[in-house]
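Engineer: For reference, the chains in residue letters:
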Amino acid sequence: MSRTLHFEIFRYNPMDPDSKPHMQTYYLEEKDNMTLFLALNEIRETQDPSLQFDFVCRAAVCGSCAMVINGRPGLACKTKTKDLPDKIVLHPLPVFKLIGDLSVDTGTWFRGVAKKIEAWVHTTKTFDPNALEERMDNDLANEIFELDRCIECGCCIAACGTARMREDFLGAATINKIARFYIDPRDERTDEEYFEVIGTDEGVFGCMGLLGCEDVCPKQIPLQDQLGIMRRKMAIASLGGKVGKLFSVFSKKKK
Amino acid sequence: MSVDTTVESFKGHRLAGWLDWLQMLTGLTLVCFLFAHMLFVGSVLLGAKSFDFVAAFFERTYLAQVGGPILFFLFLLHGFLGARKMPFRTKEQKLIVRHAKMMHHRDTWFWVIQAITGAILLVIASIHMWTVLSDLPITAAKGAHELETGLWLIFYLLLIIVGALHGCIGLYRIGVKWGVVTRAKRTKALKCIYYLIGVYVVVELLNLLRFYFLKV
Amino acid sequence: MQTFYTDMLCIGGGLAGERVAIEAASAGFDCIILSLVPPRRSHSCAAQGGMQAALGNCAMGEGDSPDVHFEDTVKGSDWGCDQEVARLFVDTAPIVMRELAFWGVPWNRVVPGPAVYFKGGQKFEVYEKEEKAGLITARAFGGTAKWRTCYTSDGTGHSVLYTMDCKALEVGVEVHDRVEALSLIHDGENCLGVVARCLRTGELRVYFAKTVLIATGGYGRIYKHTTNAVINQGTGLILALDTGIVPLGNMEAVQFHPTGIVPTDILVTEGCRGDGGTLLDKNEYRFMPDYEPEKAELASRDVVSRRMTEHIRKGFGVKSPYGEHLWLDIRHLGEKHITTKLREVYDICMNFLGINPIHELIPVRPTQHYSMGGVRTNKDGAAYGLKGLFAAGEAACWDLHGFNRLGGNSLAETVVAGKIVGEKIVEFLKGYEVNIKTSYATAEVKKQKERIEKLKNSSGGENVYKLRNEMQEIMMEKVGIFRNEKDLQEAVDSLRTLLDRSKKLSLASNGIGANPELAEALRLPGMIKVALCIAYGALQRKESRGAHYREDYPYRNDKEWLKRTLATWKQGDDLPTLEYEPASKVFHLPPGDRGYGEGKVIPSDEDEKSGDNK
Ligand SMILES: Cc1cc2nc3c(=O)[nH]c(=O)nc-3n(C[C@H](O)[C@H](O)[C@H](O)COP(=O)(O)OP(=O)(O)OC[C@H]3O[C@@H](n4cnc5c(N)ncnc54)[C@H](O)[C@@H]3O)c2cc1C
Ligand code: HEM
Ligand code: HEM
Ligand code: SF4
Ligand code: F3S
Ligand code: FES
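Protein chains in written order, with the numbering used here: chain A, 1 to 255; chain B, 1001 to 1216; chain C, 2001 to 2614.
For reference, chain A alone in the conformation it holds in the complex (with noise of 0.2 Å):
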């Protein structure tokens, strides 16, 4: 089978003035079983050792490997080359900080969003050591577990041309942690509050129901049902007072 790639790969450095953005290419012999975290390393250790790139888990569980793989944001590690052409183009994600090369900084982009929508348990209790814990209905736990496997790739936002266009939108995978903590019983924010935090052009109502982060999330969450189900909620909310009242026969909250 063995075939050679042609691998077209962005450079730029950021902290070396002599470096311009450009793609450069590289060849490579196919192996059985190669991922590009093994062909990008492969690559760095044989031919050229100032390639920037992220990996970590290697395993599709950390969100570290995310690149645009011939047009599409996807995980590197979980990309097998058979499953692609001969010719592999590589760019960083886009809307994040390009650190170099393939690498961009979406740690620091995924901590401003946790801040700004507190993504946290809020609650009023204290833990108590001595007690038991609060039971809770396996299928809750389920539900709220498929909403906690985002991995924070950054792919569904780079995937999002709202995202692109809009430096200050959310994106799906904010949404979808807000989602995450809106069916938690633990936390005890209400309706109000949440609205204050997503209840905006930047976040639910900013998602223009594009898809791109439906369609590219490696994790396959939810993504378009939990935009659509926060939207209605939210919008309920918007509606405040009485009207909201009527309305909110139709988007029960689990507590």
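Any given hint could be a false lead.
Simulated crosslink set (EDC-like; lysine to aspartate or glutamate; CA at most 16 Å straight-line) [claimed, not checked]:
#: 1; chain 1: A; residue 1: Lys219; chain 2: C; residue 2: Asp2154
#: 2; chain 1: B; residue 1: Lys1085; chain 2: A; residue 2: Asp215
#: 3; chain 1: B; residue 1: Lys1142; chain 2: B; residue 2: Asp1052
#: 4; chain 1: C; residue 1: Lys2456; chain 2: A; residue 2: Asp16
#: 5; chain 1: B; residue 1: Lys1185; chain 2: A; residue 2: Asp215
Treat the hints as calculated values from the structure; they're not laboratory data.
Knowing the structure of chain A, use the given hints to seat chains B and C with the ligands on it.
Structural biologist: Relative to chain A, chains B and C with the ligands alone:
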């Protein structure tokens, strides 16, 4: 996105929510109108008489005189609301097109189509409504007469296509945005929308041809 | 140069580091976390299985208690652990599990009524009690008497780490990610801070801190094949080693897992074999029953790993461009079982190998998995040798695991130790002042600057990736699963040569900015030192205990070796200095038979006298 923005800056008003409702509802109304309009104009298929009858009915009940301007207002309101989401700066426009190209992604292209068709509609649907509403009563004869100029034929052809795309894609996108079209229902919804576009275009084309060949 | 001041500096943003930071920040102290990557990307997120705590909620966990957990842990450690620490651990584990639930971890819960589980491909039924409904449930793990591993589906590490990071955000822990600690600043008595390098820009920074915590995780990448993340290079241990004062404990204790997939070495769970999967060789022959007639594939991790290696050495391995391997066969379990009960295995095979395990064989080989050794601390988490220096998590040798850690105990350790060590640090910080002696920092910075300049300008000709690969190969071949005098001696000799050659490293690229080659070159000499601590410690330890298996000394020798190795690195030496201390101050559970594995025991003198060994 700056990191140290405090929560304070987020303390919002409910405006964003209201505007989103309005955009959806105006869009929905316009689509409903469009299909109603398709049927109304479709009465010409049964002959000039029946068309004139329906038109006269609308005028007798003042639906045309009052409803027309209201619809025109809704149309402008909807256009204004839609415009809030449209890229105005060339940089943004280029960016979104480049993005859609990079992604090879259907739903992203849908939105680009939505924005472009919206912009076109603003111009041509305004002209259309103006010509029709400023020269009441509506009769089949006028329509037929108008079409004798080839330019109007092209104009209407454009209006059909652009309206079909904008309306039907808009419908699908409302479904997606408001969580009616869920992940599980997406493929099916898309199929429905394609059919809808087809039906609309075919019926409207027939209407147009009927007018074109109408002898009064 | 950027300089930062803080009460507490946490090197490492994995579970251990974050838990400690939360404790300190909640008590009102300034706290900064340094991490190579955003904290949520730390390797803790990769743990799928779960964490142990004796809650005893589920049917198969009934009757569980910290005492049973204690016994399992000590036996698992092959009596190498510190029993005071083990006690502390088992008593605290249930509390932290509940605390995590309180903070938001979506633990799986008890569902009352009948439930089925699989073992050896067979189906069993149990009844979950109504009164336990909704409490935290548990699953089975190797080496435990009861089901006590709490979990969230297949993403325990992920869920717990994300919740932890949320909590850290809430209590105001500051995070400096993409920053690598290069060396400790100390005056020979007190730890004063660290010199670090920014991995975004390549610039050096100084952090002054009243207390420093090393929570840098494992060092798997010293081996060629490891289930660890690529950032697990043991850089935290280098910090301690380079002081010349702070010892590393039991570095020769390295755990291997039988089933890492080839080529990427991703772990596939023990559940495959538990549910009836078999191991095949190049002739697709099932060989395990020949070696272990009774337990076959279900013998303990270390035993299976050893047998697999033995079989490959006999020439029955399957050749591949990535080295030799064996096959794991789960085809006979059937599509339904594989896509439900073993879904995560199915996904890994499909995603990373393009292999469908329902119809195809899975290439596997024994793979380095966990490091029991680390920065030696007392039961408060305080490192030996320097005041104000602490360690926790996999990077530490708190010594809960001795010579073999139990599955599910390490994740639990990170959080339990995090809580306990965090409290001790808070105690330490109250009323503690140090004079910041900038001269020590200046000297340290100068040293690091010189290293960097030297690398950039050197024409020594040694290539960093080549040397690193050689080191990894030596460790895998000679300091792996089977160990013997000859191999270990060769390993020590070759590693010493490598250490020498590493002085002649030179860069092939320009080294500007966040250059990955420079970062690797800065780490490599330290990594070789860590490797030497393992190899040399293993050479000296003339017995077999837990994961440390000497072909030439197959018995556990409690008479001479019921003790912990302490390795320090004196400046200028090319070998570590080894010292020993008793494995445990107290023996609540006297040394005895583990009840599994093939081990024979040479009892210690006291045991002989009291005659209570079997
Ligand atoms: C595949 C796999 C599966 C596992 N499954 C389980 C399981 O099911 N149950 C279980 O109990 N255990 C499991 N373990 C073990 C367990 O995951 C680890 O022992 C544990 O997560 C270690 O946590 P930690 O906080 O000590 O270190 P880590 O989570 O590894 O964190 C280390 C941190 O240190 C930082 N760091 C390192 N060096 C430096 C430096 N020089 N400067 C600055 N920062 C630095 C890193 O950036 C990182 O933030 C598994 C391990 C592996 C490899
Ligand atoms: C108050 C609003 C409107 C009125 C009263 C109205 C009325 C009419 C009438 C009478 C015709 C027949 C041809 C003619 O007389 O010229 C027509 C055709 C048409 N209209 Fe409208 N219209 C309205 C709004 C719109 C809008 C908003 C659209 C577009 C989106 C639209 C799209 C069309 C098209 C495509 C045709 C030509 C196809 C056909 O003949 O069926 N109209 N309209
Ligand atoms: C003035 C001319 C018009 C302009 C500029 C315009 C513009 C837009 C834009 C930009 C959107 C996308 C907004 C978003 O997705 O966030 C949109 C949505 C929509 N438009 Fe229009 N439009 C116009 C006329 C019409 C007409 C005549 C119809 C009726 C057929 C229509 C139906 C819709 C529908 C159904 C939607 C979806 C609503 C939503 O997304 O909430 N539009 N429009
Ligand atoms: S939602 Fe999906 S694509 Fe987005 S960050 Fe999370 S895992 Fe990545
Ligand atoms: S791509 Fe963007 S616009 Fe909404 S549906 Fe996804 S966030
Ligand atoms: S390296 Fe962790 S997701 Fe790819």
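Engineer: Check the structure against each numbered hint from earlier and tell me which ones fail, lowest number first.
Structural biologist: Checked against the structure, the only hint that fails is number 2, while the rest are satisfied.
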